[in-house]
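The primary structure of each chain is shown beneath.
There are 4 protein chains.
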Amino acid sequence: MRVALIGSGRMGSFHAESLTYRIPGVQLAAVVDPAPGAASRMATAFGASAAYTDPAAVFADPTVDAVVIAAPARFHAELIVAAAQAGKAVFCEKPGALTLADLDRALGAVAEAQVVLQVGFNRRFVPDWAAARRLIDDGTLGTPRLLRSVTRDPGGFDPARVAPDTIFNETLIHDFDTLSFLNPGARAVEVFAVADALVEPSWRDRGLLDTAVVTVRFDNGAVGVAEACFEAAYGYDVRGEVFGAKGMATMGDGRVDGMVFSGSSGRVAATARSDQELLAGAYVEELAVFADVVRGLDPVPVGGQDARAALGIALAAAQSVRLGRPVQLGEVGA
Amino acid sequence: MRVALIGSGRMGSFHAESLTYRIPGVQLAAVVDPAPGAASRMATAFGASAAYTDPAAVFADPTVDAVVIAAPARFHAELIVAAAQAGKAVFCEKPGALTLADLDRALGAVAEAQVVLQVGFNRRFVPDWAAARRLIDDGTLGTPRLLRSVTRDPGGFDPARVAPDTIFNETLIHDFDTLSFLNPGARAVEVFAVADALVEPSWRDRGLLDTAVVTVRFDNGAVGVAEACFEAAYGYDVRGEVFGAKGMATMGDGRVDGMVFSGSSGRVAATARSDQELLAGAYVEELAVFADVVRGLDPVPVGGQDARAALGIALAAAQSVRLGRPVQLGEVGA
Amino acid sequence: MRVALIGSGRMGSFHAESLTYRIPGVQLAAVVDPAPGAASRMATAFGASAAYTDPAAVFADPTVDAVVIAAPARFHAELIVAAAQAGKAVFCEKPGALTLADLDRALGAVAEAQVVLQVGFNRRFVPDWAAARRLIDDGTLGTPRLLRSVTRDPGGFDPARVAPDTIFNETLIHDFDTLSFLNPGARAVEVFAVADALVEPSWRDRGLLDTAVVTVRFDNGAVGVAEACFEAAYGYDVRGEVFGAKGMATMGDGRVDGMVFSGSSGRVAATARSDQELLAGAYVEELAVFADVVRGLDPVPVGGQDARAALGIALAAAQSVRLGRPVQLGEVGA
Amino acid sequence: MRVALIGSGRMGSFHAESLTYRIPGVQLAAVVDPAPGAASRMATAFGASAAYTDPAAVFADPTVDAVVIAAPARFHAELIVAAAQAGKAVFCEKPGALTLADLDRALGAVAEAQVVLQVGFNRRFVPDWAAARRLIDDGTLGTPRLLRSVTRDPGGFDPARVAPDTIFNETLIHDFDTLSFLNPGARAVEVFAVADALVEPSWRDRGLLDTAVVTVRFDNGAVGVAEACFEAAYGYDVRGEVFGAKGMATMGDGRVDGMVFSGSSGRVAATARSDQELLAGAYVEELAVFADVVRGLDPVPVGGQDARAALGIALAAAQSVRLGRPVQLGEVGA
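Residue numbers (UniProt numbering), protein chains in the order written: chain A, 1 to 334; chain B, 1 to 334; chain C, 1 to 334; chain D, 1 to 334.
Just chain A, with the same shape it has in the complex:
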């Protein structure tokens, strides 16, 4: 299977390495990046045969079976449309799009072309979360009542480059998908969000939102809380909890290994400092599954409707902050 990569940034680099070395039967066919030299540098590094600045080149290449989209979020929808129209299977990083209209256009193209679309909600592939979901599916946990999903980044971001709703569209969107993943069959109906600039209070007046808490009501009565902050002193922190009628699953211990050192300052365990350190396995696994999906071996594990559900919550959360009140999913068109 020949896969082209669109985007050679941080996640693109990781995916390039996975496609090249860690996923049996897959070949990195081409790299696309509009920045001068970026694609060819990466293509050389990983032995890809082609490098382009325009994605049209890979869509036109009949030997390319699939594309992995790791470009900035604002280009996702149009890239999905173009890829689908070219008949390529698509793996797209989250979010699928930044508006429901764009996303629906993309999903329409996918449906019409009958191509595969998988969305990069990687947390579903982290062993802890997958294990929790199994407990729900097999009835061990009982009907979910309360859920929690947390993402805290390790900091070091540039406040000037953070678009206002980034915390909802790009960070918490993982948590919104996680809440749905852990409450299968239920739909979000109402969202209330509180957000602020607590890491960089001096940017508050310029609209920065670096910390947020979002309450999500589902139609089965369950209530989820998603919480994010752009800076945690101890590293990258991704955790979750689902509490149901028969018990609770907690996910995410954040440790890099099982070694514990007991010394003069007490008992110390190392914590993960980056997403690629903590979630490396999940980043590989989602692409490995995608390869199997393209081969027809597996159904799409997380697709367009999942992207739409998460985006709807993200838009409602942003709206809730603007209005200072709970927002119904219907109000944002979701």
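Each hint can be trusted.
When chains are identical, the list treats them as one kind, so a pair holds in a single copy or across two.
Simulated pairs of lysine to aspartate or glutamate, EDC-like, Cα-Cα distance not exceeding 16 angstroms:
id : residue 1 : residue 2
1  : K246      : D138
2  : K246      : E231
3  : K246      : D137
4  : K246      : E200
In case anyone wonders, no lab produced these hints; they're calculated from the structure. Note that the structure is a prediction, hence the values are computed from the model and not measured.
Since the structure of chain A is provided, determine the placement of chains B, C and D on it from the hints.
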């Protein structure tokens, strides 16, 4: 020091035992309970010299130095007033009262009589929470940004006997106080609550609220989430988290001991099944500190203004559920 | 019940506090210590009515029901004999004696006088260990195969004051008893010990043994390892493990509370720094049970034969170090 | 790099998969197995170009750069010799040989041919253990005093097929190497072993040893305990501990993921049930490093002298069981 106990129910019994056996220099002087025979049975069991059905008897007894109020919540305010007017030091179970007007009347009587009033927010005396607070006080944790406080009861409640706002006034009030305790110096400004009957859905139409999630905004920007459910399959679950600029403290591991059994079903640790199992130490400690407060050795660790802050959040939460929108603390007179 | 305390050192002080404040129905009747002023200082501090330099005084006092012996180990045997002859119930700190001959003499006196003798093997009263034993008694764990018991002290000892076999007679004797406690019904048959001065290597030539590993074979085939060191950089460390046909129990997490701080140096939990911090509950519990034993409510939970079994292993271990080979229990007369 | 695999059993299969899919730049050139059809089945499954029943074929193939030896232990030495003489780089599963004479012969051939020899002590590549070693190398842990290494297999073995010293030569040899790895620069000087048939007592008379405890003294005074059992009810259990002057590292939490379920039976975490489940990453990592060693990028991480040190302890342990006394390493020629 001679202490009279008002109320011989579940918590009253525990306090009777603590006062009799676990707190040096304290004597259980009398037990009061209006139920026929209840006070005398407990007095006999613990060797208290007197038993009454009317609390006026202990207020009139000049040899009684202090009273511990463990009567139903609706009687708290008037008992505090009477005790204060009689010049007794007062330890009162939470909540201090069910309305701010009642509470203010009680606090006024306490202020006028210049007696001690300590409120039974026991979580402040659990070692984990006390340790977290120390990390805040000494600057290790940095300014709080996000907080969480969870209470889940082990179930077995009678839906018919649960007053509508019980989950806020009697359960979550602990969590509301905990949020304030872990965000010292800040004041709650806005509350949004979601609540439902998820344990007993058939009681939903009769107004039962057995599960709730409450978002509390503080005037320093920090956001707290308090969460409760009246039934957890694994027992009594009290946990907390405070995340600040320099790190995060997590509290409450819910285990009854440090023994872990690894067997055919994996690795298993026993969880606490009741509050008195999990928090026994804190229940004793709060009374031990109260005794020292009465002796003039310590300042009141948690008093009338703390009771007022927590009650204000509870009332705003109940109002938020009724109105379906966030409620400012000012709206409920807090 | 009136209890006299013999010995006002570190453990004596702790026991004085427990007897005075934490054990219902018990009264600290007298304190004995040969050091000038020591007994009277402690008697005053805890409100005991009498203080003596000679234990004969308490043995002669008909109002004393029981004695707690917390004197140096070399005096234990003769104090047990005298107490028994005076008809007093006896709680004696470990070891019961320093030789089997002395211990047998003490046990003979106890048997003849038909008094209670309980030995201070406190680890049996730590919740983790008690819980592990329940798993053995109820068949959950299966027949023990491998056991481990660890004691590490927090350091700060004076090498000049450590008698050669202290690590066996006074430290590891707890672990030897623990191994027997967790392998009920079995008897030790062979001991192999390795010991050295690793904390204070410069004292090696003077015979200091500050670190030791002891292998104990039991007659049911199970093998136990007991391990001690006089200095651990992270505090006081007491742990255990018992692995049987159906699973494994691990005991002792060494934490002072359940609070965990995640900060720039990772995830940190505080560790106990002293035995009285880690084992306070067990120290109280063993005396509370002793009080119930004296009242005739409970059988002796750990008595003379347990003391003999542990001492036998300790003597064999010391002999094994001297001979450089495994030693049969029979060789030391056990 | 073209690598031939000798042996297509359980570990051979795992290595075939790693060489094919998980190690960049490596190609599975051939599979060798004397059992009819075994090599060709595996070659077909993994797309290897050749399959042989005689290893001479790969030694004769000039396009083969390296061999991975996963044949039964009794063939290791002669295979190493033949591979070295053919100029192939060698990765050999543990133990390097079953006698020191055989091993020395193999090491001599390696030295003469100046080829790479890496031995399959995988535990050095498990993150926990590697992290512990870093704490030793950077001085954080201080001089090691006490060490522990545990291996418990999940059971299901056939007593009839277990050679008498298997527990030492094939199981505990990992732990013996681990003790040396965590006490760098020190040499074992004395070994005392206790072993028995506790899993299958009815095989005791036929010489089965399924459970063992081995005490190893090192020339720097440190004492290590290695412990193994062929059956643990909770799965595959590999743990370690190294306690030094400045602290303690513990390794191996045995969990398959970080998800914890709290339900009616308490708090439950899943445990690993097999070595390939628990140590998959280390099995891949040791081959990835081997590939880099062959490329000249890395020094041999664990080689012939390490194999010799571990084998010496294993032989001394077996001898100690036969003689019932501690055995000096010199006694077995190590």
